[in-house]
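Top to bottom, those sequences are chains A, B and C. Position 184, counted from 1, in the first sequence is what this note's numbering calls 184; the numbers after and before it change by one each time, with no gaps. Numbering-wise, this note's numbering comes out as the position in the second sequence, counting from 1, plus 272. Numbering-wise, this note's numbering comes out as the position in the third sequence, counting from 1, plus 544.
It is possible that part of the hints are untrue.
Derived pair list, reagent style DSS-like, types lysine-lysine, alpha-carbon separation capped at 30 Å [to be verified]:
| hint | chain 1 | residue 1 | chain 2 | residue 2 |
| --- | --- | --- | --- | --- |
| 1 | C | Lys811 | C | Lys786 |
| 2 | A | Lys242 | A | Lys267 |
| 3 | B | Lys514 | B | Lys539 |
| 4 | A | Lys242 | B | Lys539 |
| 5 | A | Lys242 | C | Lys811 |
| 6 | B | Lys514 | C | Lys786 |
| 7 | C | Lys786 | B | Lys539 |
| 8 | B | Lys539 | A | Lys267 |
| 9 | A | Lys267 | C | Lys811 |
These aren't lab readings, by the way, just hints derived from the structure by calculation. Computed from a predicted structure; not experimentally measured.
Chain residues, written in single-letter form:
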Amino acid sequence: MSATVASHTTGPGGTLAAIRARGPLIHNITNLVAMDLTANLLLAVGASPVMAHAREEVEEFVSLAAGLTINTGTLTREWLASALAAAAQATGIGRPWVLDPVGCGATRFRLESARQLARSGPSIIRGNASEIAALAGATAGQAGGRGVDSTLSADAVLEQARQLARSSGAIVAATGQVDIVTDGAQIRRVSNGHPLLTRVTAAGCALTALTGAAVAVSSEPLKAAVHALAIMGVAGERAAAKAQGPGSFRSALLDELYGLDPQELDKEARIT
Amino acid sequence: MSATVASHTTGPGGTLAAIRARGPLIHNITNLVAMDLTANLLLAVGASPVMAHAREEVEEFVSLAAGLTINTGTLTREWLASALAAAAQATGIGRPWVLDPVGCGATRFRLESARQLARSGPSIIRGNASEIAALAGATAGQAGGRGVDSTLSADAVLEQARQLARSSGAIVAATGQVDIVTDGAQIRRVSNGHPLLTRVTAAGCALTALTGAAVAVSSEPLKAAVHALAIMGVAGERAAAKAQGPGSFRSALLDELYGLDPQELDKEARIT
Amino acid sequence: MSATVASHTTGPGGTLAAIRARGPLIHNITNLVAMDLTANLLLAVGASPVMAHAREEVEEFVSLAAGLTINTGTLTREWLASALAAAAQATGIGRPWVLDPVGCGATRFRLESARQLARSGPSIIRGNASEIAALAGATAGQAGGRGVDSTLSADAVLEQARQLARSSGAIVAATGQVDIVTDGAQIRRVSNGHPLLTRVTAAGCALTALTGAAVAVSSEPLKAAVHALAIMGVAGERAAAKAQGPGSFRSALLDELYGLDPQELDKEARIT
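My request is simple: use the sequences and hints to build the entire structure.
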């Protein structure tokens, strides 16, 4: 069925239709702030979320799932052990997985944890510009982060994103006003989105989960990362047109993701 | 006061009115995804939620509360120890408590944990059809679960629900398009609800908390379980009529639970 | 820039404008229920939230942040160790921090933990009347709490609030229908707010985070506490006028905090 669906379009609309058709089970080891929005976003696009971090069961969940996402937002040493075990299992059985190195430039523990995960075989690394710069080796001053927020544009870290893609073997997606996606050689840019996305907590984390759903139904991680950015960006633009502020925007974002027409999505996506 | 209120109706409207009149304190050991919606739903119906899982204090909270709910959604070994202590305390002092064996068919750790809890004296076990089948002893293949979602109808697990009720001594509520509730002998069915309830994360977990509030103001666990299903189902139908998707549905669900008229609830409830 | 903004008004409008202008990074060690609303509220007013509790990194985050908040809502022994380390670091380097002793009258573990934190140099202690009474030394019966909710008015604990302010050296804010704020000598009252604020989980916890943002841009903790109460209260009144219940109220509250005009805020604030 998904082959038929995908044949309608090779754009983000095809990826969204494939997620809805297949309903992939996505296992998320995410942070405590992002749990609610991440699960709700995956349900809104038709995927099936599972959150599980107990060391006793993470490998089993990875095996059941079509994709895995790992997020360092409120990481502890115990959760890191589970995350590394899940990453090893996913890489070992060829399950695509996405790393979100939240705030990795802020503390030594986060940076070391994120680098250890980046060396564990992620399919895609998705972060803001400061996180990508920090992970690629920039010093704290160069990475320009503040807490978990970025103070850099994605294009400012283009070279670091390329290096990180080559050293990790992952597709790297650096988000900002214009997002960039690279495999170390090719560069794609997505210029959808809206400033209100930066006023809803965990919107980036939820985008990572959407990227996990996209790569779970795709054989091309670069395309999956680009399409997830376009889906989120277009839904964000549409939601902003109806919202009075970040509270109503969050509800409208889930409504838009749920109702988004694949053909209209393809028309509104700005991918270069 | 609640006696007077309850005399108006012996249907779900009477139970909702009793929750509002008494405002029972409900102690929840629930999963990390369900915290927000669970607490908000309990506040919306007039109950008073407490979330607490520290081994040092769970027994004290059980003693203060009118009811307890235990949910295995993101269980770890540490939380399991607290959950078992809370369950023992509740059973020991005769406090009603509800078990929600989230995703118990998915991993060995979850299944063993859920079974241990099911043997600890719950008043009510509330799960989807796959969870009830797994807990009752079906093999992974028969239980038909996928992650934390069910692929079975509740009626397909009727016999397993009955067996589980007899072996555990608990009322068993298996939810699906039509929900079933049994004490091992009697069967009641509730056919309210809306598909959007499956697109909001933790709606089932929050229903478990509502069941905890219902049984805390009732002397009949079977009736309490049936009424909680009807309250959630009717509120879900009303919310869906106003919603544009799962984001606005979640807000509308809480609004409806807050404003629901007990007499209209009794009229719209479909209980057989 | 913030100096210019602050010169427009010395009321709550000036504090809100200063938060928006400076966008302070606020580090929160908060409970599992409050994560989502706390982060979203801080983003709505223009602050930048970080949630981090790992023992390995809390001191680094305190050093990066302009303010810290510590909340005992779902405290465990591990989180308490991190909270104490963060508190010591904040006090040591002169970073303002706010303590929210959620439900501290309910169990021995919470009361001991909250008292230990109260002795660690908070700038402000923000709690409901029962929490303030319990922290100040009232017995369980006198403190009048039930779980995490208060059964007392703030004025009923005025003397205990004063004592706590004197013994801890912190500004004490006790919230209720009318809020009181004291440094042990002076008393200020804020009478904004709406009953729906008690039907949204973690509204008090999010108010604590807002207090953290206010004190991070202010040199006067008493004024910061008063202004945070007025900002939350006025936004709550405006949100209630648009809401159909607690679900839509929560969204509207964030929208109002985002869009609130500082001059209108000053007009609608009721501070005596």
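30 Å Cα cutoff - pair Lys267 of chain A, Lys811 of chain C
violated (47 Å)
Proposed proximity, Lys786 of chain C with Lys514 of chain B (alpha carbon, max 30 Å)
holds (16 Å)
Under the criterion that the straight-line Cα-Cα distance not exceed 30 Å, is the pair Lys242 of chain A, Lys811 of chain C satisfied?
holds (29 Å)
Between the alpha carbons of Lys539 of chain B and Lys267 of chain A, is the straight-line distance 30 Å or under?
Cα-Cα ~47 Å, so violated.
Mind checking the alpha carbons of Lys786 of chain C and Lys539 of chain B for me, to see if they're no more than 30 Å apart?
holds (29 Å)
Is Lys242 of chain A close enough to Lys267 of chain A, meaning Cα to Cα at most 30 Å?
Status holds; Cα separation ~20 Å.
Straight-line Cα separation of Lys811 of chain C and Lys786 of chain C no greater than 30 Å?
holds (20 Å)
Given the hint that Lys242 of chain A pairs with Lys539 of chain B, does the C-alpha gap stay at or below 30 Å?
Cα-Cα ~35 Å, so violated.
Going straight from one Cα to the other, do Lys514 of chain B and Lys539 of chain B come out at no more than 30 Å?
holds (20 Å)
Hints 4, 8, 9 from the list above are not met by this structure, while the remaining hints are.
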